[in-house]
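> These are the residues of each chain, in order.
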Amino acid sequence: MHDEFVMGNEAIALGALAAGVNLVCGYPGTPSTEVLETVAKRRGENVYVEWSVNEKVAMEIAGGAAYAGARALVTMKQMGLNVASDPLMCLEYIGVKGGLVVLVADDPGPISSQTEQDTRSFASFSKVPVLDPSSAAEAYAMVQEAFEISEKYQTPVFLRPTTRVSHGYASISVKDPEEYTVHPVEGFVKDSSRWVIFPRLSFGNHRKIEERNEQLQDVFSDNPLNRIEPEEALLSGLRRGVATGGFNYTYVMEARKKLGAIRTLKVSTPFPFPEKLAVRFLEGLDEVLCVEELDPVIERELIYLCGKYGLQTKILGKMTGHIPRSGENSRDSVTAALAGFMNLPVPAETPEAPPPLPVRPPVLCAGCPHRASFYAVKQAMKGRKTVFCGDIGCYTLGNAMPLDMVDTCLCMGAGLGIAQSLNHLEKDRSCFAFVGDSTFFASALPGVVNAVYNQAEFTLIVLDNSTTAMTGHQPHPGTGRTMMGEVVEKVSIENVLKGIGVTAVETVDPLNHKLAVETVRKTADLPGVKAIIFRSPCVALFRASSRVTIDPEKCIGCKKCIREIGCPALSFRGGKAVADIAQCNGCTLCAQLCPAGAITGGESHE
Amino acid sequence: MNKNIILCGVGGQGTVLASRLISSAAMARHIPVLSAETIGMAQRGGSVFSHLRMGEDLCSPMIARGEADLILGFEPGEAVRLLPFLKPEGQVVVSSRAVMPVTAALSDTGYRAEDMLAYLSSRVEHLTVVDAEKALQEVGSPKVLNLILLGAAVRSGALGLEAEDLKDAVRRLIPEKFHELNFRALDYHA
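First to last, the protein sequences are chains S and L.
The first sequence begins at 1 in this note's numbering and counts up by one.
The second sequence begins at 1 in this note's numbering and counts up by one.
It should be emphasised that the hints constitute simulated quantities derived from the structure, not laboratory data.
Mixed in with the good hints there might be a few duds.
[Unchecked claim] Simulated restraints, written as ranges between beta carbons of each label pair:
1) S546(S) <-> E114(L): 54 to 62 Å
2) I581(S) <-> R123(L): 28 to 36 Å
3) M89(S) <-> S121(L): 29 to 37 Å
[Stated by the list, open to error] Here are the simulated lysine-lysine pairs, BS3-like style, with alpha carbons at most 27 Å apart:
4) K385(S) <-> K427(S)
5) K490(S) <-> K560(S)
6) K167(L) <-> K41(S)
7) K208(S) <-> K190(S)
8) K134(L) <-> K576(S)
9) K3(L) <-> K258(S)
10) K258(S) <-> K87(L)
11) K143(L) <-> K576(S)
12) K3(L) <-> K257(S)
13) K559(S) <-> K514(S)
This one's a predicted model, so the numbers in the text were calculated from it and none came from an experiment.
Idealized CB from N, CA, C, for every residue including glycine.
Throw the hints in and build the complete structure from the sequences for me.
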């Protein structure tokens with residue numbers, strides 16, 4: 001063993017390696033991404049690792065490994081679980097042989113997600129057991145325990161950290177590689193009565209799953225991951241307790257330091273719920289406050305148990321307005337809620353309001369090629385009746401003023417469906433779907449096939465920056481390298497589109513503004529489905545060697561560069577445009593639209 | 001020694017690396033550390049913060065209001081935003097340079113660094129303002145604001161660490177070709 005200062009996600013990766021994981025796959029998504037990246041960095045040569053094309057494929061790959069008796073870890077964010085839900089729901093019915101841990105990182109807030117869905121709720125829906133860590137150290141231990149549970153009960157098991165666990169750092173004690181469990185893989189054994197899902201098999205297995213989960217309620221009641229702290233102390237007067245789990249446990253423990261001891265139930269397995277333990281906790285308490293984020297999972301379970309066992313305990317939480325229904329909790333909000341619950345003085349808010357502070361919505365980086373792509377389409381389609389359907393990735397930020405080029409954004413790949421739909425209904429509307437290169441492979445292909453076959457008419461814009469940028473630059477089928485370190489043939493976006501039957505497929509450098517605008521004008525009015533691939537690498541990967549300079553003598557102060565493209569490197573001082581050299585990446589888009597020729601330097605894209 | 005430190009700024013300014021350097025330096029002194037970082041969409045020019053706690057008996061990496069010994073502000077408005085976290089006797093080390101949001105460049109929002117610094121100096125007894133423009137010019141790189149601020153924090157005493165601790169952390173975490181520049185930034189003072 002040795003001590004290491006690790007991020008929660010790194011702890012999960014190291015725990016999986018310590019458990020002898022044989023195969024790890026997933027699709028990037030904040031806050032889950034670093035788990036797989038750490039596995040790739042720290043794995044032994046016998047561990048197979050890949051970024052799969054999307055979460056559904058990843059789940060199937062992990063499932064196949066578990067069929068063969070291997071230990072498999074599949075990683076994703078909560079949105080990805082929706083994509084992977086088809087194979088997962090069925091896998092639960094089929095069961096596994098080797099341990100299968102499904103790492104799903106939830107995002108209260110939400111900080112970097114479309115929804116505030118709760119994987120604990122998904123666990124009870126899919127009947128898959130879930131472990132909910134409160135810290136990096138716990139996540140390290142839990143992922144190892146999850147493999148044990150998965151193998152013993154032949155079910156996939158969720159490990160569900162939230163953002164603050166995934167992206168929190170702590171020093172924890174971890175195993176040395178020599179201490180790692182070695183998990184030999186038996187190999188797939190043919191047995192169609194086990195591996196081929198049919199209604200009769202599902203009927204039989206459904207009953208077994210329900211029985212097993214009832215059994216797990218007892219098993220988890222005795223597991224020290226779930227516990228009552230302190231066992232004895234009951235306050236005089238109204239007897240109160242607090243029930244919590246996951247990262248909120250740390251908020252409660254910190255609040256207890258200030259407010260004094262209160263009987264606490266820590267729920268680390270929200271499904272199957274540790275029923276016997278929870279009943280023992282409830283008995284003798286008059287009121288319980290449930291402290292949790294996202295869904296009121298613990299709260300509903302406790303209300304259910306009060307009904308089932310005829311207990312008079314009053315259960316408070318999200319459904320009674322004692323804890324906010326949405327968003328993240330904090331040290332302060334939990335301390336205040338707990339103080340109010342314990343009839344102690346609630347700490348006062350800051351007495352005075354600070355001066356007005358700038359709102360800082362995230363923006364495309366200076367020099368980001370997506371800015372040039374959006375601007376080219378905007379210029380080419382000026383005055384036309386259009387819709388610009390966006391998607392998930394850095395390029396969602398094309399919505400910001402002054403670009404204002406994202407009219408819709410739903411989920412990965414959805415822009416294609418929405419664009420073709422709107423054209424069916426409004427023939428005079430020129431419809432565009434914007435999709436990134438990683439998202440193209442992950443979620444756009446069925447949408448293109450659908451459009452070509454069903455005679456839709458829209459322009460597909462592929463924003464190809466040769467990486468998965470928003471999540472920190474993961475490879476994908478278009479990049480030509482794998483997580484195993486191999487350099488491989490790239491899957492060509494052009495060839496894929498032509499193969500599907502898209503007749504007009506243009507590729508252009510968006511940073512050549514004039515050519516980009518001409519290409520859009522020429523292509524958008526062609527009939528049917530047409531595609532423009534804007535290809536230019538992410539500026540965070542390929543730093544430019546030169547930056548622009550703005551000649552204050554020549555600058556006429558017209559603000560066109562600032563008004564048109566919203567580059568964070570440009571500002572206006574003393575009546576002149578100024579470029580911040582710390583931010584500028586020399587893309588020259590501003591130079592190309594300056595009417596006074598005041599901006600020079602940067603890299604040529606002629 | 002228990003210390004609660006908040007680093008705050010705008011995505012892309014290097015707060016995460018600064019936080020890692022402090023953690024690494026504290027760990028080398030066998031001081032337990034918990035921290036929490038902003039990773040994700042806000043890294044693209046949004047408001048970002050790191051919470052960093054050193055010492056014994058910590059449960060949560062998050063800091064409560066009125067609990068921070070030090071706010072290391074990479075941007076004056078962001079330091080003001082997180083000021084409620086500062087202890088009454090806590091220290092603030094802040095860069096003088098405002099990062100204008102794109103919205104401010106489009107239409108004047110009235111956001112001024114001077115107003116923020118005036119607000120800070122009227123409320124914070126132990127305030128160190130680092131003249132960022134001058135410092136970056138003199139150190140000779142636009143990219144080392146984080147190390148310049150760390151150096152000022154060391155000299156304020158609020159970090160509880162020495163410059164040499166942070167230099168060792170630089171040696172551990174940063175490629176060698178940048179060591180000399182980073183040391184120069186750490187040692188810089190006006």
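> What hints, given by number in increasing order, does this structure fail?
1, 3 and 5
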